[in-house]
Amino acid sequence: MAVPGPEPSDESLASRAVAGDESAFEVLVVRYQARAYRLAYRLLGAEGDPQDALQEAFLQVFRKLPSFRGEAKFATWLFRIVTNAALMQRRRRARRPAESLELYLPRFDASGLHAGTPAELQAAAHVEERLDRRLLAEKALAGIERLPDGYRAAFVLRDLEELPTAEVAEVLGLEPAAVRQRVHRARLMLRGYLSDLVGVKP
Amino acid sequence: MTPQVSCVSGVEQLMDYLEDVLPLERRADLEAHLAVCARCVAFVASYRETPGVLRRATLAVPPPDLAPRVLEFLRRRG
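These protein sequences, in sequence, are chains U and F.
Residue 140 in the numbering used here sits at position 140 of the first sequence, and the numbers go up by one each step.
Residue 26 in the numbering used here sits at position 26 of the second sequence, and the numbers go up by one each step.
Source of the hints: derived by calculation from the structure; they are not laboratory data.
Some hints could be false.
Derived lysine to aspartate or glutamate pairs resembling DMTMM-like cross-links, with alpha carbons at most 20 Å apart [said to hold, decoys possible]:
| hint | chain 1 | residue 1 | chain 2 | residue 2 |
| --- | --- | --- | --- | --- |
| 1 | U | LYS201 | U | ASP109 |
| 2 | U | LYS64 | F | GLU72 |
| 3 | U | LYS201 | F | GLU49 |
| 4 | U | LYS139 | F | GLU49 |
| 5 | U | LYS201 | U | GLU99 |
Given these sequences and hints, build the entire structure.
Here is the structure:
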């Protein structure tokens, strides 16, 4: 019986695909389809078509593969292409302007102390215990959708896909400090949004 | 004497603190504030939970035939 060798790396599959090995490209598609789909789904919201974004993204990957020089990791490069494909789809889609999440930013009193009691301030941490799962799934997607465009991708990549900040910076072409700033603002708004879902002012 | 950290400035520095890029002295000031501010402790707990709540709520499962459909699309268009 043949002993399976170690899984080939993304980069070696990419160079085999460039050399014309179709099965190597297929392995890459199979390897990344679920993650890429989830990323597109989170970026696009309820009205999006993640499969369409994914097809466009993999088509671009296929076409641009010969110019992939391996300066970035293959995954980083792929996430950039998927993120851009989702962004293009959002731009094509006629959308109602989303109501800003700014109103969910934390509130402070005149002396700079948190408004609200500790129990109120903690409410967002207990949303899963208090809200029906299906309703929460729907509201979560709607909340992410309402983030300002510049924050959404940073938040989704860093906090939902759990890429390290440095990699998010590479995907989005930003400095790590700018990624942290955007993710932080997104967390503040979404934290308040979750609080509001269980009837507590942020 | 260390400068007073208010809840406002504590919140501003939270991401840098959690990512371990806050300068040491400011880190100590923030920790001193957290040691005495129950509101900030509660706030930090909910701030830290927020990504996980949203991550678990948005776990999309791709259609089972996604990969073959993508590959078929590429064969037609590639």
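These are the hints, each one checked on the structure:
1. U:LYS201 to U:ASP109: 14 Å, holds
2. U:LYS64 to F:GLU72: Holds, at roughly 18 Å.
3. U:LYS201 to F:GLU49: 17 Å, holds
4. U:LYS139 to F:GLU49: 16 Å, holds
5. U:LYS201 to U:GLU99: Holds. LYS201 of chain U to GLU99 of chain U sits at ~17 Å (cutoff 20 Å).
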